[in-house]
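So the sequences go chain by chain: A and B. Sequence positions in the first sequence follow UniProt numbering and run 1 to 465. Sequence positions in the second sequence follow UniProt numbering and run 1 to 389.
Possibly wrong hints are sitting among the right ones.
Quick list of in silico lysine-lysine cross-link-like pairs, BS3-like style, CA-CA up to 30 Å [to be verified]:
#1 A:33 with A:65
#2 B:158 with B:79
#3 A:183 with B:79
#4 A:183 with B:313
#5 B:27 with B:79
#6 B:386 with A:183
#7 B:313 with A:142
#8 B:374 with B:386
#9 B:283 with A:142
From chain B, some residues computed to sit far from chain A (all C-beta separations above 12 Å) [what the hints assert, rightly or not]:
#10 232
#11 284
#12 286
#13 289
#14 293
#15 304
#16 305
#17 313
#18 317
#19 341
#20 352
#21 377
Calculated from the structure, these hints are not laboratory results. For each residue, glycine too, the CB sits at the ideal point set by N, CA and C.
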Amino acid sequence: MPEVIKNVACPYCGACCDDLEVTVEDGKILEVKNACIIGTEIYHHASREGRVGSPRMRQPDGTYKDITYDEAIDYTARMLIKAKKPLIYGFGSTNCEGQAAAGRVAEEAGAVLDNCASICHGSSFLAIFDTGYPSCTLGEVKNRADVVIYWGSNPAHAHPRHMSRYGVFPRGFFTNKGHRGRKVICVDPRYTDTARCADYFLQVKQGHDYDLFDAFRMVMHGYADDVPEIVAGVPKEKILEVCDIIKKGRYVHIFFGMGLCHSDGRNHNIDIAINLVRDINEVTKCTIMAMRGHYNIAGPGVVWSWQFGFPYCIDLSKGSHAHMNPGETSSVDLANRGEVDAFINIGTDAGAHFPIRAFEKLGSHIPMVTIDPSVNMAATVSDVHIPVAIVGVETGGICYRMDNVPIQYRAVVPPYNGILTDEELFNRILNRMLELKEQGIECDGKWEYAKAIPSLIPVKLEPEA
Amino acid sequence: MAMSTMYPKYSTKMENDTVIMEQRLLKKVSHLVLNTTKCTGCGICSEVCPKEAIVLGLVGAVRRGAVKDEAAISVDPAKCSYCGVCTILCPFDALEVRVDGEPSLPIKEQEGFPEYDFTAEIDENKCVRCTTCSEACPRDAIVRDIPVYEGEVADGAKRQTALDAETTLVVDKEKCNVCGICASLCPALKIKRIPFTAEKVGSAGEVVWDKSLCDACQVCATACPEHAIAVERVVKEGSKLAGKVTIDKETCVTCSWCEKVCPEEAVTIKKFFDGEIVFNADKCPGGCSTCVDICPCNAIYLPSPVPALQLKKDSIEPTIAVNADLCILCGACVNACPSEDVITIRRSGIHVKGPETDLFKSIAAKLCIPRSSKIREDTFGQVELKPLE
């Protein structure tokens, strides 16, 4: 008999929709309701043929051979002990329990512990350290916001149900007219599908958001007359019109995304945005929120802040106290400078999403373990690939939404082939490390299984003669 | 093909802004032509059709432009008798019956049916030709036959021509030293200078004034270093702009916006329907606003949010409201509303002139059935209302 499981939370984006209804039968997922197309695929993917059912190790000929969990855990524990500066990176897609267990492993290994923030909203963190984070929960936006700004973000494609659950369309307590009572402003170089939903679209010149924020702040400070006729490609009259909407708003909220974090200025785009929020708060109420990407990328920030006091780029190599300095202790920088000698890719795909020059130094030169439910690009060049249960599908746990609200995730089917969860795996790695250390295995910068695989080094192809 | 199926021939075709229903007999061709830009989806045609040939479709979507290749109403060309009752009673002048290509309303010509009787007048004596009514009119029914002045378009009529006034400009020749400042400032002034000559060195001549260009603005008088210029203007009592403002009765739907906004109380509107409209905002889901978008009279509005200072749980503004004074009880809102019991319309009387025939009386009775909208209709894609008592 098919069973309908309600209040299921989706393990894809930072919107963390927790209103899914999943129909299961005999441990298979039949139907997913309420999720967007991306979320739906996550669930169907879990029940598809071809899942990896046990750990695998790459052989000298490049093929993979199944090994036991014990062997895989032993390899990983040895690698972590023997390496001088291992990097454990990822964590956007696992639960807080897994992130905490990984924190304990990293501490024991003296590793650098980093999460996807360092290539995503890490610049936002830097700005937050500088200027603060006047934010709110998404319910506040839904129930109060009458001016919603999507600045450099495209929820229509990246957070598909964000506009219908929080930002634009829902009818909240004080926002009973839904989108007809809200003014939606989109700032983007492209006329995105989000812009199509907006009342005002400011087509900013790519990379010139700082100029535009500056103009907004001038208007807020009463220097509108001194704003040039065109700022960052946006006509002055449009800036004044939008500033007028903002000033008249009862509750203004700004959502920002990679348009600010990934373009020129990085953290300074964010800190001026936060300062604009502060300015607007002189006139009306205003809050700002980072459109966090993965469903639990806010999780490591919170968990590791409890454990170590730092949200990301945590260097634990001193053994006694943690150190954080993005730019020095961030994954891509460490990789580019060749400063790590072992790599664990967990709950992410550095193979697909790191710059190729950074990843070739990780994937081809040092031993690498990928911990992931599925085969991804990182797994295809790893020495060992350890499958784990999918959070939100095969195991539950706590995940932090983009507004740092913890959502209790739940399992809808048992883990495929009895595979471990991230938490179980990291706990076992920690135990094995303690055992090995007792046996006298020490850090010597050498590892037993590391094999460089020259044939897989990404190289520029020579043009054919 | 068997003869019986050849005539009459029926067809419907959509061309740009019109939908043409056709009945073709051997010699005679009848057309019912719908102007889709004028049609508001009010549904009066559908209620009054003696043959029940007209149904209402996607009123909200069509009027908002979300559906392009459909009209708000659809007429079955075979059921239609081309009688013209719909044409007579359409408040928006969107329907026309043509016989053999010519507009034709035999039912009216033979006094078989009355027409709307309403008042839409502007008292010319009270009207000051301001722009308020023409700006406010939701149907563009105000004919503002006034010259266009330079304030509106750069090459419009000169503003001084708007006044019925007598202007005089006097130059004190004793004081004037022909310095030329006045002429350099104003196109209405020129100086006719006696050419400079070494024989008699000095500035001499006279100031020439073109009355038709003078604004009586006093700039010349003020700028004159010798205080030699005096400008005076006497405006005639009761002077007002030339021309006339009238209401096009074909286009007017008696919403009375013009009457309500006229600063001089110069407009008289008497509506063609009596009755009441009631909005029950508690049942409105919010976030829809279809009624606001499609109301032909702009009578429906989203109430403004209460400022935070006054905001309490019980002071949250309603989701929707109507200004009943501006409503003409056309019914478009009820047809478009996707909810139930939010809007109730009760027509209690229809003002007509002409013979009140039995046919008219039966139609009037149908128009006066109070109604609200319905969530689940029996026929998909077709408007069906909920009759009330």
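Here's how the hints hold up against the structure:
{"no.": "1", "hint": "A:33 with A:65", "in the structure": "38 Å, violated"}
{"no.": "2", "hint": "B:158 with B:79", "in the structure": "59 Å, violated"}
{"no.": "3", "hint": "A:183 with B:79", "in the structure": "47 Å, violated"}
{"no.": "4", "hint": "A:183 with B:313", "in the structure": "22 Å, holds"}
{"no.": "5", "hint": "B:27 with B:79", "in the structure": "19 Å, holds"}
{"no.": "6", "hint": "B:386 with A:183", "in the structure": "35 Å, violated"}
{"no.": "7", "hint": "B:313 with A:142", "in the structure": "16 Å, holds"}
{"no.": "8", "hint": "B:374 with B:386", "in the structure": "6 Å, holds"}
{"no.": "9", "hint": "B:283 with A:142", "in the structure": "21 Å, holds"}
{"no.": "10", "hint": "232", "in the structure": "40 Å, holds"}
{"no.": "11", "hint": "284", "in the structure": "9 Å, violated"}
{"no.": "12", "hint": "286", "in the structure": "5 Å, violated"}
{"no.": "13", "hint": "289", "in the structure": "5 Å, violated"}
{"no.": "14", "hint": "293", "in the structure": "10 Å, violated"}
{"no.": "15", "hint": "304", "in the structure": "10 Å, violated"}
{"no.": "16", "hint": "305", "in the structure": "6 Å, violated"}
{"no.": "17", "hint": "313", "in the structure": "8 Å, violated"}
{"no.": "18", "hint": "317", "in the structure": "8 Å, violated"}
{"no.": "19", "hint": "341", "in the structure": "18 Å, holds"}
{"no.": "20", "hint": "352", "in the structure": "38 Å, holds"}
{"no.": "21", "hint": "377", "in the structure": "24 Å, holds"}
Hints 1, 2, 3, 6, 11, 12, 13, 14, 15, 16, 17, 18 from the earlier list are contradicted by this structure; the remaining hints agree with it.
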